[in-house]
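With chain A's structure known, arrange chain B on it following the hints.
Sequence order for the protein chains is A and B. Okay, so the first sequence: first residue is 1 according to the working numbering, each after it adds one. Okay, so the second sequence: first residue is 1 according to the working numbering, each after it adds one.
Accuracy of the hints is not assured; some may be wrong.
If chains are identical, the list can't say which one is meant, so a pair holds when it fits in one copy or spans any two.
Claimed, not checked - Derived DSBU-like pairs: lysine-lysine, alpha-carbon spacing no greater than 35 Å straight-line:
(1) LYS77 to LYS99
(2) LYS99 to LYS165
(3) LYS26 to LYS77
(4) LYS165 to LYS26
(5) LYS26 to LYS63
(6) LYS60 to LYS26
(7) LYS67 to LYS77
Simulated from the structure, these hints should not be mistaken for laboratory data.
There are 2 protein chains.
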Amino acid sequence: MSVPLTDAAIDQLFLTARTYNAWLPKEVTDEQIHRIYELAKMGPTSANMSPMRLRFIKSKDAKERLKPYLSEGNSAKTMAAPVTAIVATDFEFYEHLPKLFPHADARSWFAGNAQAIQEHGVRNGTLQGAYLIMAARSLGLDCGPMTGFDFPGVDAEFFAGTQIKANFLVNIGYGDAGTNLFPRSPRFEFDEVARIL
Amino acid sequence: MSVPLTDAAIDQLFLTARTYNAWLPKEVTDEQIHRIYELAKMGPTSANMSPMRLRFIKSKDAKERLKPYLSEGNSAKTMAAPVTAIVATDFEFYEHLPKLFPHADARSWFAGNAQAIQEHGVRNGTLQGAYLIMAARSLGLDCGPMTGFDFPGVDAEFFAGTQIKANFLVNIGYGDAGTNLFPRSPRFEFDEVARIL
Numbered sequence: 001m002s003v004p005l006t007d008a009a010i011d012q013l014f015l016t017a018r019t020y021n022a023w024l025p026k027e028v029t030d031e032q033i034h035r036i037y038e039l040a041k042m043g044p045t046s047a048n049m050s051p052m053r054l055r056f057i058k059s060k061d062a063k064e065r066l067k068p069y070l071s072e073g074n075s076a077k078t079m080a081a082p083v084t085a086i087v088a089t090d091f092e093f094y095e096h097l098p099k100l101f102p103h104a105d106a107r108s109w110f111a112g113n114a115q116a117i118q119e120h121g122v123r124n125g126t127l128q129g130a131y132l133i134m135a136a137r138s139l140g141l142d143c144g145p146m147t148g149f150d151f152p153g154v155d156a157e158f159f160a161g162t163q164i165k166a167n168f169l170v171n172i173g174y175g176d177a178g179t180n181l182f183p184r185s186p187r188f189e190f191d192e193v194a195r196i197l
Numbered sequence: 001m002s003v004p005l006t007d008a009a010i011d012q013l014f015l016t017a018r019t020y021n022a023w024l025p026k027e028v029t030d031e032q033i034h035r036i037y038e039l040a041k042m043g044p045t046s047a048n049m050s051p052m053r054l055r056f057i058k059s060k061d062a063k064e065r066l067k068p069y070l071s072e073g074n075s076a077k078t079m080a081a082p083v084t085a086i087v088a089t090d091f092e093f094y095e096h097l098p099k100l101f102p103h104a105d106a107r108s109w110f111a112g113n114a115q116a117i118q119e120h121g122v123r124n125g126t127l128q129g130a131y132l133i134m135a136a137r138s139l140g141l142d143c144g145p146m147t148g149f150d151f152p153g154v155d156a157e158f159f160a161g162t163q164i165k166a167n168f169l170v171n172i173g174y175g176d177a178g179t180n181l182f183p184r185s186p187r188f189e190f191d192e193v194a195r196i197l
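Bound-form chain A, shown alone:
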């Protein structure tokens, strides 16, 4: 049986973590990028379908490929981030289920069922994207997730010829709390959105 994490760990993951818009000049190593994935991949998905696909945009050349598709407000901070993850979803995820979920013929639950593919792909790819954010934070990194970009443009540039579609972007690095960090926005109180029945 587990016990609660320390207050410092919970602060780092949730309470004092912020969405950063500026970054300290400190590299995110390839080893850290691999480690983020090795944690995020362990989070639960339906039938272990694991539809998230990732491109970690780190080199200057790759950043320049991404730049034309960024909204104006997201461009400068993204170009300055140590790395930008393109969190995407493979809508042919079901082709991998014989390997990922060998207990049952899970492929047959999806093949030819466009609505089930769409719903489960989106839900589980997005769950994995959130695990990625939490994994980066657990490793001492900060995140800046964004959806302000040209989705078809990013898909054509990075995922041409596949059924992989961008879901959101996440800048990753060491956040600069002194630059463009917005005041914390309000959240709903428990009783506004939740009930114990």
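Chain B alone, transformed into the frame defined by chain A:
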């Protein structure tokens, strides 16, 4: 600047955490339920839209209301769980943006735009559902997320007359590793799904 969490914390959140199908006979208190929400709500969403809505099904009466809509494979374990969270999404989330995102007229980005409402509601409600799982784990609790249930049935029973729609269920408690814990399923290697560019 943060540092990586301890190995024990990372194990608890990711590496040794599992999806449990049986539960130790130990209550999850209302205080713990509130605490899960207080952490999960701090995770990032687009324009702070926070579309997740929650029903924590804890009483015997509420469990009986949920039971008819559970798939056969999910019924017994859910009825036995200390609490089952209905993670749902309010597709009228944009009505709250003047409060949640006072910096801009964010309501106008969504009102009347069914596709934007659907995409952003699903994405951000699901991100918040993943934060909820990670929050429960960070508090020493275990989770069993599920989508095997009658979605329209749950919506009619718990969210009639609203635009709130169920997204997934999460059993929450102290997992019983000795009962019905499946072997860990394989995950993709980094190079199968990710690239550093």
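For this session: Output the numbers, in ascending order, of every earlier hint that fails for this structure.
Result: Violated: none.
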